[in-house]
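Taken in order, these protein sequences are the chains called A and B. Numbering-wise, our numbering puts 68 at position 68 of the first sequence, and it's gapless, one number per residue. Numbering-wise, our numbering puts 27 at position 27 of the second sequence, and it's gapless, one number per residue.
Be aware that a few hints might be false.
Said to hold, decoys possible - Result set (SDA-like, lysine to any residue): computed pairs, CA atoms no more than 20 angstroms apart in a straight line:
1. Lys182(B) to Val48(A)
2. Lys152(A) to Gly79(B)
3. Lys19(A) to Glu87(B)
4. Lys122(B) to Val48(A)
5. Lys182(B) to Asn149(A)
6. Lys119(B) to Gly79(B)
7. Lys147(A) to Glu174(B)
8. Lys60(B) to Ala65(A)
9. Lys152(A) to Lys119(B)
10. Lys60(B) to Glu40(A)
11. Lys60(B) to Asn17(A)
12. Lys182(B) to Tyr129(A)
13. Lys60(B) to Ala42(A)
14. Lys182(B) to Glu40(A)
15. Lys122(B) to Lys60(B)
16. Lys152(A) to Ile43(B)
17. Lys182(B) to Arg91(A)
18. Lys182(B) to Gln139(A)
19. Lys152(A) to Gly24(B)
20. Lys152(A) to Glu174(B)
Since the hints were derived computationally from the structure, they do not count as laboratory data.
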Amino acid sequence: MSSLTSQTFVDRLIRENFKFFTGVPCSLLSGVISHLEEVEDAKYIPSVREDSAVGLCAGAYLSGALPVLLMQNSGLGYCLNAFTSLNLIYRIPVLVIMSWRGQGGKDAPEHIIMGDISQKLLETAGMDYSVLKPENFDQVLATAMQKINEEKLPYTLIIEKGLFDERH
Amino acid sequence: MKGTEAFQELLPLLGDEPVVHANGFICRESFNLKDRPENFYMIGSMGLASSIGLGVALCKPDRKVIVLDGDGNVLMALGTLAMIAAEAPKNLVHVVIDNEVYESTGKQRTLSNTVPLEKIAKSSGYREVARVDKKEDIKPAFEKMLNSQGPGFLLIKVEPCFDHKTGRVTHTPEEITERFMKSLH
Ligand SMILES: Cc1ncc(C[n+]2csc(CCOP(=O)(O)OP(=O)(O)O)c2C)c(N)n1
Ligand SMILES: [Mg+2]
Numbered sequence: 001m002s003s004l005t006s007q008t009f010v011d012r013l014i015r016e017n018f019k020f021f022t023g024v025p026c027s028l029l030s031g032v033i034s035h036l037e038e039v040e041d042a043k044y045i046p047s048v049r050e051d052s053a054v055g056l057c058a059g060a061y062l063s064g065a066l067p068v069l070l071m072q073n074s075g076l077g078y079c080l081n082a083f084t085s086l087n088l089i090y091r092i093p094v095l096v097i098m099s100w101r102g103q104g105g106k107d108a109p110e111h112i113i114m115g116d117i118s119q120k121l122l123e124t125a126g127m128d129y130s131v132l133k134p135e136n137f138d139q140v141l142a143t144a145m146q147k148i149n150e151e152k153l154p155y156t157l158i159i160e161k162g163l164f165d166e167r168h
Numbered sequence: 001m002k003g004t005e006a007f008q009e010l011l012p013l014l015g016d017e018p019v020v021h022a023n024g025f026i027c028r029e030s031f032n033l034k035d036r037p038e039n040f041y042m043i044g045s046m047g048l049a050s051s052i053g054l055g056v057a058l059c060k061p062d063r064k065v066i067v068l069d070g071d072g073n074v075l076m077a078l079g080t081l082a083m084i085a086a087e088a089p090k091n092l093v094h095v096v097i098d099n100e101v102y103e104s105t106g107k108q109r110t111l112s113n114t115v116p117l118e119k120i121a122k123s124s125g126y127r128e129v130a131r132v133d134k135k136e137d138i139k140p141a142f143e144k145m146l147n148s149q150g151p152g153f154l155l156i157k158v159e160p161c162f163d164h165k166t167g168r169v170t171h172t173p174e175e176i177t178e179r180f181m182k183s184l185h
């Protein structure tokens with residue numbers, strides 16, 4: 001995989017049969033969401049909160065779809081109860097695309113603490129993730145598909161600032 | 001009407017509709033009166049029965065989908081009413097057993113004695129909205145909702161009466177997932 005853009009990212013997910021997208025926007029994901037709104041083969045549903053998006057994805061999965069949840073890491077706290085008392089115990093997978101605000105302590109004050117602890121929170125909850133890079137996309141996606149299809153558990157791709165074009 | 005009577009009226013009216021249950025006593029009442037594979041018993045994730053039901057309704061447009069919710073659950077996820085109204089699935093019926101308390105945790109009051117949930121649903125944009133206070137009104141109101149274009153919102157006002165001897169759901173969460181998914185095929 002030579003170049004990773006919002007467009008190639010979304011198109012690849014659609015080819016893996018992810019066609020149900022929902023979430024709450026982050027500026028780092030603005031290009032991804034605007035591409036999703038343009039493509040025919042996928043549906044993007046605006047959610048009001050990240051935990052509602054987890055519920056929506058769960059319903060989609062139970063009905064045979066492969067869902068994707070897009071969110072900023074500031075939404076992770078809202079999701080933890082849903083992940084631990086729904087997805088993990090019922091074996092309801094979801095692909096989570098989580099942008100990483102507050103990385104390295106360099107961001108607006110409201111992002112610093114969560115930026116530091118998001119990965120630790122996922123680890124504490126026993127949820128696997130990878131930080132997505134242009135050069136590891138194929139491998140990380142294969143790991144995610146294995147987690148989702150075989151183990152029936154959520155998998156998170158963490159998106160750093162600057163990975164995708166931002167359109168806003 | 002007592003809460004249990006509402007379930008006794010409602011459950012015999014179901015065919016093969018998938019029903020997503022709110023957590024707490026709602027799951028337990030329904031499980032003990034009539035367990036069925038089409039029942040998704042959400043034992044945790046309070047508030048999310050409505051969003052799970054929305055996901056099912058959007059991905060299974062040919063099935064009528066029921067959410068069997070509680071007032072406390074609805075109040076925890078009021079924003080989901082807006083999502084349901086915005087997506088407007090024709091095949092979703094949102095039934096709320098409103099006892100004005102968090103009965104499952106000891107009958108602490110919610111806000112639904114002063115805040116009318118059916119009015120919130122109506123102004124959010126649900127297509128069909130009804131409120132029933134009497135047991136005999138459940139059947140006609142629910143049947144009308146089943147046969148109308150949704151999303152529908154049926155508020156059933158009840159008195160708390162849960163019998164604590166009523167057992168918990170005995171299926172494991174993984175079993176609930178498996179049989180619910182199979183029933184949707
Ligand atoms: C996030 C969260 N907060 C609190 C609880 C505890 N709890 C379990 S059931 C319940 C009450 C649900 O109220 P309602 O939807 O009105 O149903 P009822 O108990 O009245 O049947 C509460 C507060 C919980 N399970 N999860
Ligand atoms: Mg209640």
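Hinted pair lysine 119(B) and glycine 79(B), Cα distance within 20 angstroms = Holds, at roughly 14 angstroms.
query = Are the Cα atoms of lysine 19(A) and glutamate 87(B) separated by 20 angstroms or less?
reply = 16 angstroms, holds
Pairwise hint evaluation, glutamate 174(B) against lysine 147(A), where the allowed Cα distance is 20 angstroms at most = 16 angstroms, holds
query = Is the straight-line distance between the alpha-carbon of lysine 122(B) and that of lysine 60(B) 20 angstroms or less?
reply = Violated, at roughly 24 angstroms.
ask   = For the pair supplied as a hint, lysine 182(B) and glutamate 40(A), is the alpha-carbon distance within the 20 angstroms limit?
value = Distance ~29 angstroms between lysine 182(B) and glutamate 40(A) Cα, so the pair is violated.
inquiry  = So if I understand the rule, the pair passes when the alpha-carbon distance is 20 angstroms or less; does lysine 182(B) with glutamine 139(A) pass?
reply    = Answer violated: lysine 182(B) to glutamine 139(A) is near 31 angstroms, above 20 angstroms.
message = Does glutamate 40(A) sit within 20 angstroms of lysine 60(B), going by the straight-line distance between their CA atoms?
response = 19 angstroms, holds
ask   = Given the hinted pair lysine 122(B) and valine 48(A), is their alpha-carbon gap at most 20 angstroms?
value = Cα-Cα ~18 angstroms, so holds.
task = Below or equal to 20 angstroms on CA atoms is what counts here, so check lysine 60(B) against alanine 42(A).
result = 16 angstroms, holds
request  = Sort out whether alanine 65(A) lies within 20 angstroms of lysine 60(B), counting only the CA atoms.
outcome  = 10 angstroms, holds
ask   = When you check the alpha-carbon spacing of lysine 152(A) and glycine 24(B), does it fall within 20 angstroms?
value = Violated: lysine 152(A) and glycine 24(B) sit about 25 angstroms apart, past 20 angstroms.
message = With the threshold set at 20 angstroms, check whether the alpha-carbon distance from lysine 152(A) to glutamate 174(B) stays at or below it.
response = 10 angstroms, holds
The structure fails hints 1, 2, 9, 12, 14, 15, 18 and 19 (numbered hints given earlier, in ascending order).
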